[in-house]
Amino acid sequence: MFRSAKKTRIMILSEKYYYVEFSLLEDLGVEPRPLQFVNIWIPGVDEVPMSISQYTEEKLYVLFKVVGEGTRGLRDRWGFFGVKGPLGNGISLNNYSRVLFIAGGTGIAPLPLLARHAERNGVELDVIWGVKKSSELFDVKTLAPSVNNVYYASEDCIVGYCGRASDLAERFLREHAWRYDIVICVGPKNMLLDICRKAGSLVDVYVSLEAIVKCGFGACGSCILKPIPKLLCTDGPVFKCNEVYKHLEWNSQY
Amino acid sequence: MFRSAKKTRIMILSEKYYYVEFSLLEDLGVEPRPLQFVNIWIPGVDEVPMSISQYTEEKLYVLFKVVGEGTRGLRDRWGFFGVKGPLGNGISLNNYSRVLFIAGGTGIAPLPLLARHAERNGVELDVIWGVKKSSELFDVKTLAPSVNNVYYASEDCIVGYCGRASDLAERFLREHAWRYDIVICVGPKNMLLDICRKAGSLVDVYVSLEAIVKCGFGACGSCILKPIPKLLCTDGPVFKCNEVYKHLEWNSQY
Amino acid sequence: MSGILNTRIAGLTLEHPVLNASGILGSDPEHIDILASHGFSAIVTKTFTLNPREGYNPPILVELRSGGFLNAIGLANPGIQGIKPLVDRAKLLGKPIIISISGNSIEEFTKIAEVAEDSGASAVELNLSCPHVKGLGLELGSDPFTVFLVAREVSSILKIPVIVKLGLSDRIIESAGKALEAGARALTLINTIRALAIDIYSFKPILSNIYGGLSGPPIKPIALRVVYDVYREHRAEIIGCGGISNWTDAAEFILAGARAIQVGSAFLKNRKVVYEILEGIKKWMNVLGYSSVESLVGRSHV
Amino acid sequence: MSGILNTRIAGLTLEHPVLNASGILGSDPEHIDILASHGFSAIVTKTFTLNPREGYNPPILVELRSGGFLNAIGLANPGIQGIKPLVDRAKLLGKPIIISISGNSIEEFTKIAEVAEDSGASAVELNLSCPHVKGLGLELGSDPFTVFLVAREVSSILKIPVIVKLGLSDRIIESAGKALEAGARALTLINTIRALAIDIYSFKPILSNIYGGLSGPPIKPIALRVVYDVYREHRAEIIGCGGISNWTDAAEFILAGARAIQVGSAFLKNRKVVYEILEGIKKWMNVLGYSSVESLVGRSHV
Ligand SMILES: Cc1cc2nc3c(=O)[nH]c(=O)nc-3n(C[C@H](O)[C@H](O)[C@H](O)COP(=O)(O)OP(=O)(O)OC[C@H]3O[C@@H](n4cnc5c(N)ncnc54)[C@H](O)[C@@H]3O)c2cc1C
Ligand SMILES: Cc1cc2nc3c(=O)[nH]c(=O)nc-3n(C[C@H](O)[C@H](O)[C@H](O)COP(=O)(O)OP(=O)(O)OC[C@H]3O[C@@H](n4cnc5c(N)ncnc54)[C@H](O)[C@@H]3O)c2cc1C
Ligand SMILES: Cc1cc2nc3c(=O)[nH]c(=O)nc-3n(C[C@H](O)[C@H](O)[C@H](O)COP(=O)(O)O)c2cc1C
Ligand SMILES: Cc1cc2nc3c(=O)[nH]c(=O)nc-3n(C[C@H](O)[C@H](O)[C@H](O)COP(=O)(O)O)c2cc1C
Ligand code: FES
Ligand code: FES
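Chains as they are written, first to last, in the working numbering: chain X, 62 to 315; chain Z, 62 to 315; chain C, 35 to 336; chain B, 35 to 336.
Errors might be hidden in some of the hints.
To be verified - Here are the computed lysine-lysine pairs in the DSS-like style, where the Cα-Cα straight-line distance is at most 25 Å:
no.	chain 1	residue 1	chain 2	residue 2
1	X	Lys291	B	Lys118
2	C	Lys316	X	Lys67
3	C	Lys303	C	Lys129
4	X	Lys68	X	Lys120
5	Z	Lys291	Z	Lys250
6	X	Lys287	B	Lys303
7	Z	Lys287	C	Lys118
8	X	Lys68	C	Lys125
9	C	Lys145	Z	Lys291
10	B	Lys238	X	Lys67
11	C	Lys118	C	Lys145
12	B	Lys125	X	Lys307
13	X	Lys250	X	Lys307
14	C	Lys129	C	Lys316
15	Z	Lys120	B	Lys316
16	B	Lys118	X	Lys287
17	C	Lys306	Z	Lys301
18	B	Lys306	X	Lys301
19	X	Lys68	B	Lys125
20	X	Lys67	C	Lys317
21	Z	Lys301	Z	Lys250
22	B	Lys118	C	Lys317
23	X	Lys301	X	Lys287
24	Z	Lys194	Z	Lys126
25	Z	Lys291	C	Lys129
26	Z	Lys250	Z	Lys287
27	B	Lys129	B	Lys118
28	X	Lys250	X	Lys291
29	Z	Lys287	Z	Lys259
30	Z	Lys120	C	Lys238
31	B	Lys303	X	Lys291
32	X	Lys287	B	Lys129
33	C	Lys317	X	Lys68
34	Z	Lys287	C	Lys316
35	C	Lys306	Z	Lys291
36	X	Lys291	B	Lys129
37	C	Lys316	X	Lys120
38	Z	Lys67	B	Lys316
Don't read these hints as lab results, they were simulated from the structure. As the structure is a prediction and not an experimental result, all values here were calculated from the model.
The task is simple: from the sequences and hints, build the whole structure.
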């Protein structure tokens with residue numbers, strides 16, 4: 062269902078990351094699950110899929126960086142926007158007590174909502190977050206105060222672990238995998254593939270994918286996770302490694 | 062909403078009165094209130110308004126006499142029919158402890174459902190039923206076993222009080238009106254007018270009217286209770302005397 | 035009611051933009067009382083024909099599981115002698131009244147229109163679009179030239195405003211243009227859409243007339259498109275009609291180009307719908323910072 | 035699946051009468067897997083054009099508050115080179131596959147149809163009815179003569195059956211007749227209906243293409259009417275399409291004259307819809323005492 066939303070605030074989190082608050086003129090109807098997403102319509106410009114960063118009392122938050130027209134509109138325009146969703150499956154933390162969240166880049170976006178659900182369910186949540194340039198980083202606890210440990214990684218080696226999030230994650234999990242019920246991983250495909258390969262045997266790993274989302278309803282087929290007969294918008298974005306392994310491999314060949 | 066129903070039984074109650082059982086292929090969705098009605102569609106023939114005589118577990122009962130094509134079809138045809146409803150306001154017995162029901166002719170139709178609601182709410186229900194010819198009569202307790210006292214009247218003077226139901230009712234109420242919280246009255250217009258006139262000052266009287274019902278939705282206006290700006294199908298069929306007094310008078314002039 | 039909702043359409047000044055749709059009551063003086071008491075700013079009557087019509091046998095209306103209603107009333111109406119009592123009643127209540135009319139020939143149209151004017155009606159609405167009455171119906175409205183002829187003849191003999199009501203058809207933009215060219219002051223868009231419902235157990239179409247007109251929420255996006263198209267092409271005065279059930283629907287029609295709206299089916303489901311629409315529109319205008327509903331008309335066109 | 039649901043349409047023998055509607059997935063081999071795994075008896079592809087088309091920018095689909103969906107995908111498809119992989123995948127899965135095609139000229143239609151036949155498709159469906167794509171759309175289907183020309187040219191060069199899909203238009207009964215006369219083995223009725231949705235806060239039409247096609251429950255009674263009309267006039271083989279959401283809808287279409295049905299929007303809301311329809315139909319046949327679904331086709335006509 063389509064809902065109208067007014068952009069009421071924008072925060073600059075770091076060199077590239079923005080956090081936007083939308084006041085929905087009508088609530089979402091259902092409580093969104095962590096890692097669900099919405100399609101945000103920038104009137105006259107585009108419609109872009111965005112993870113739900115946070116949702117409380119008719120306020121919806123998304124965290125993004127600017128990559129093109131749509132996200133530029135999200136940053137620069139004011140007034141009214143459209144929100145479709147929540148879309149996708151998301152994940153439920155009901156059955157877990159310790160969870161590790163691994164994010165690459167804007168993969169950090171769904172963390173605030175995840176953390177709130179974790180807190181509510183008494184789940185201990187640790188976070189590994191890696192970025193290319195450390196100027197992208199911000200203090201995760203400002204948006205997700207309830208998280209337990211946060212480990213940063215930057216490829217420019219200025220802050221935290223020197224290298225990629227997946228490298229840090231791999232080293233970390235070799236030792237600590239036993240402490241976690243599941244690992245949730247959001248980031249670029251090659252990172253997800255890496256983690257599935259290297260940690261998939263140590264612990265249950267869930268990955269949240271991206272694809273070209275156009276309709277969001279399982280109709281247009283643009284989000285097909287080739288060569289797997291699954292659609293990101295309705296079957297995903299969250300999958301177990303083995304469900305989408307072929308897709309992660311297939312895609313990394315191109 | 063339109064629902065399909067299969068005619069599963071017909072009982073001959075007396076010389077002229079029939080009691081038909083319909084098995085609904087889908088329940089009514091809501092519990093009907095006493096004195097609500099349905100429009101019954103006799104495919105290819107007509108659609109006729111009928112009081113809900115009884116309703117239990119997807120079985121709907123109507124009580125009628127044959128007056129024309131529609132009611133003849135109701136008696137003679139088998140197979141599938143259509144049911145629209147429950148329609149109209151009906152009445153609730155929640156606030157009463159003793160109720161008198163006065164019926165003229167087929168006005169007895171809504172009694173079984175009314176009696177069930179009375180029983181359920183611990184309401185004591187007495188009945189006065191008058192007909193033209195005593196061969197129309199049947200034992201009311203076969204359909205409404207929980208009623209308290211039943212007083213019959215026939216104009217051919219063979220059974221019960223000799224005269225019209227409204228005469229019996231008037232005499233009865235002059236003495237006993239104080240025992241009842243309300244009186245509910247269903248029958249021909251002149252009877253309703255009579256009772257409103259004569260008993261309306263002794264006790265609260267509700268009357269249930271008839272009119273030409275075509276659409277059942279307050280659209281076509283055929284059921285307008287001239288000269289009163291009220292529609293039978295949505296505002297009625299149940300009214301207090303003073304609400305429709307002008308209509309009862311107006312109509313009796315023609 | 036506050037002035038921010040004031041609406042001018044076809045030369046009439048209305049307290050607010052919400053009228054009833056033709057055929058929702060409107061053939062008896064008591065109906066006028068009912069409509070007026072539920073807040074409509076002007077009353078549109080049932081469509082009148084020269085002679086009285088009984089209409090079809092029931093079933094004439096069925097609520098559909100897929101939403102909305104299907105109806106084939108068959109233009110039941112008391113004929114021209116029924117017009118004056120309605121006008122008198124509306125006058126008594128201080129409400130403008132628009133007489134909806136239909137005929138089998140141009141002469142019938144003009145005759146009824148004259149009776150309406152002589153009775154003191156505020157305007158007439160030519161129903162060129164009933165989708166289920168043979169010869170009185172959609173065929174008229176789907177041919178732009180016939181629309182022109184009927185609208186011109188009626189317009190030329192009346193002093194009161196003429197409104198033309200059209201139904202969905204391939205050439206509706208053209209028909210709309212012809213109606214305007216012929217002198218129509220406003221257009222009502224749209225009537226019901228020809229449709230069907232079948233009882234799956236008796237195998238019979240449910241309505242006695244077999245076919246009926248679909249109304250209510252299902253036709254809203256289609257009606258909205260027609261209003262948008264006709265406004266875009268002709269910048270006409272439009273009364274939007276079709277599935278309007280709440281204030282957001284009404285707002286969409288206003289933005290598409292409707293100066294006023296008519297509500298039919300929604301009134302059957304909710305007798306408070308007029309007040310709810312007006313409340314919603316006022317809040318909406320408040321959020322947007324507008325102080326006259328007329329300034330929002332057609333604002334979806336850039 | 036039991037034989038009582040067996041269906042013959044356009045010369046194809048299907049396990050049961052429920053196909054997917056064109057444009058619900060159907061442009062990638064993986065889409066075929068998805069459709070097949072949800073129980074459709076045959077697969078209808080996305081409409082193919084000669085050259086690849088990107089389609090429109092999002093928003094291309096919106097769910098409406100008044101029911102159903104509004105879409106303007108813009109016929110996104112990989113062009114003719116995408117056809118063979120789909121056919122191969124369907125063959126692998128043992129499903130008949132119908133290639134939906136559209137073109138800017140009769141030559142384009144015939145070229146694509148030939149590719150479909152050469153690829154081993156079971157049939158082609160000529161989409162003469164897309165309500166929101168300029169020049170490729172409804173204009174084609176609303177002119178009976180154009181329908182005749184396209185259908186005849188394609189039919190004359192193909193050995194596999196040709197199905198013609200039409201959209202709502204004033205002369206749809208005539209267009210249907212022309213399609214049959216030209217050699218179409220069956221008709222798919224109907225496509226989406228041109229409609230609109232406007233965002234009341236930004237004042238903008240929601241779809242990037244402004245207009246879209248209305249699908250889902252709102253159009254069911256209209257589609258049913260068209261199927262009834264065309265069956266009544268031509269006793270044609272018809273695939274009913276438009277708002278079919280459950281088995282009672284399917285039953286109505288069968289009684290109106292559809293030998294098979296296509297499900298689009300309902301599949302977006304409920305991935306089990308095919309099984310639910312089939313279960314319902316079987317129970318219904320049981321209640322009525324029928325042992326072959328084909329014997330119920332058109333039974334609402336006396
Ligand atoms: C389920 C999901 C959740 C997402 N959550 C977030 C988030 O929380 N924060 C965030 O910053 N980004 C998120 N994205 C990515 C975001 O949707 C894209 O960055 C955005 O659509 C780009 O739009 P644009 O108009 O600014 O750029 P464009 O000019 O459209 O494209 C710029 C680049 O982005 C890629 N891209 C374009 N459209 C999409 C699309 N629909 N999906 C994926 N990639 C696309 C293009 O391939 C291109 O490389 C998510 C994507 C998906 C599928
Ligand atoms: C709310 C309501 C509840 C009713 N409940 C019952 C009931 O429980 N049992 C019962 O036997 N009858 C009941 N009736 C009356 C019943 O509807 C009519 O007897 C029936 O419609 C006659 O239809 P027909 O086709 O058999 O006769 P017709 O051939 O249509 O007409 C025969 C006579 O019945 C009158 N009549 C026709 N249609 C209607 C109508 N729609 N409403 C009222 N009178 C009509 C005519 O004026 C005529 O005198 C009820 C009527 C209403 C309005
Ligand atoms: C019961 C009913 C009767 C109608 N009768 C008429 C009529 O007499 N004349 C007319 O022009 N339109 C008639 N209509 C059509 C309505 O005026 C209106 O155009 C249509 O119902 C769409 O509006 P809605 O969706 O708000 O009902 C009728 C509609 C209904 C539901
Ligand atoms: C998202 C979407 C895309 C569609 N694409 C096509 C198409 O490419 N070709 C076509 O003939 N019909 C297309 N249609 C129309 C459907 O095939 C169908 O005719 C219409 O949606 C009505 O059926 P429904 O109500 O079951 O969805 C599309 C419909 C939808 C909803
Ligand atoms: S985005 Fe259209 S199917 Fe997923
Ligand atoms: S029966 Fe049509 S308004 Fe009551």
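These are the hints, each one checked on the structure:
1. X/Lys291 - B/Lys118: holds (21 Å)
2. C/Lys316 - X/Lys67: Roughly 18 Å between the alpha carbons, so the hint for C/Lys316 and X/Lys67 holds.
3. C/Lys303 - C/Lys129: holds (23 Å)
4. X/Lys68 - X/Lys120: Satisfied, since the Cα-Cα distance of roughly 10 Å is no more than 25 Å.
5. Z/Lys291 - Z/Lys250: holds (16 Å)
6. X/Lys287 - B/Lys303: Holds - the C-alpha atoms of B/Lys303 and X/Lys287 are around 23 Å apart, at most 25 Å.
7. Z/Lys287 - C/Lys118: holds (17 Å)
8. X/Lys68 - C/Lys125: It is violated: about 49 Å lies between the C-alpha atoms, which goes past 25 Å.
9. C/Lys145 - Z/Lys291: Violated, because 32 Å separates the two Cα atoms, which is more than 25 Å.
10. B/Lys238 - X/Lys67: Cα-Cα ~15 Å, so holds.
11. C/Lys118 - C/Lys145: The given pair, whose Cα atoms are some 14 Å apart, holds under the 25 Å limit.
12. B/Lys125 - X/Lys307: Holds: B/Lys125 and X/Lys307 sit about 23 Å apart, inside 25 Å.
13. X/Lys250 - X/Lys307: Roughly 12 Å separates the two Cα atoms, so the pair holds.
14. C/Lys129 - C/Lys316: Given that 25 Å is the threshold and the Cα spacing comes to 22 Å, the pair holds.
15. Z/Lys120 - B/Lys316: holds (23 Å)
16. B/Lys118 - X/Lys287: Given that 25 Å is the threshold and the Cα spacing comes to 17 Å, the pair holds.
17. C/Lys306 - Z/Lys301: It holds: about 23 Å lies between the C-alpha atoms, which stays within 25 Å.
18. B/Lys306 - X/Lys301: Holds. B/Lys306 to X/Lys301 sits at ~23 Å (cutoff 25 Å).
19. X/Lys68 - B/Lys125: violated (50 Å)
20. X/Lys67 - C/Lys317: holds (15 Å)
21. Z/Lys301 - Z/Lys250: Since the Cα atoms of Z/Lys301 and Z/Lys250 sit roughly 14 Å apart, the hinted pair holds (cutoff 25 Å).
22. B/Lys118 - C/Lys317: violated (56 Å)
23. X/Lys301 - X/Lys287: holds (16 Å)
24. Z/Lys194 - Z/Lys126: Holds: Z/Lys194 and Z/Lys126 sit about 13 Å apart, inside 25 Å.
25. Z/Lys291 - C/Lys129: holds (19 Å)
26. Z/Lys250 - Z/Lys287: holds (13 Å)
27. B/Lys129 - B/Lys118: Holds, because 14 Å separates the two Cα atoms, which is no more than 25 Å.
28. X/Lys250 - X/Lys291: Given pair X/Lys250, X/Lys291 holds - Cα atoms ~16 Å apart, limit 25 Å.
29. Z/Lys287 - Z/Lys259: holds (22 Å)
30. Z/Lys120 - C/Lys238: Distance of about 23 Å is within 25 Å: holds.
31. B/Lys303 - X/Lys291: holds (16 Å)
32. X/Lys287 - B/Lys129: holds (21 Å)
33. C/Lys317 - X/Lys68: holds (19 Å)
34. Z/Lys287 - C/Lys316: violated (36 Å)
35. C/Lys306 - Z/Lys291: holds (16 Å)
36. X/Lys291 - B/Lys129: Given that 25 Å is the threshold and the Cα spacing comes to 19 Å, the pair holds.
37. C/Lys316 - X/Lys120: With a Cα-Cα distance of about 23 Å, the restraint between C/Lys316 and X/Lys120 holds, given a limit of 25 Å.
38. Z/Lys67 - B/Lys316: Since the Cα atoms of Z/Lys67 and B/Lys316 sit roughly 18 Å apart, the hinted pair holds (cutoff 25 Å).
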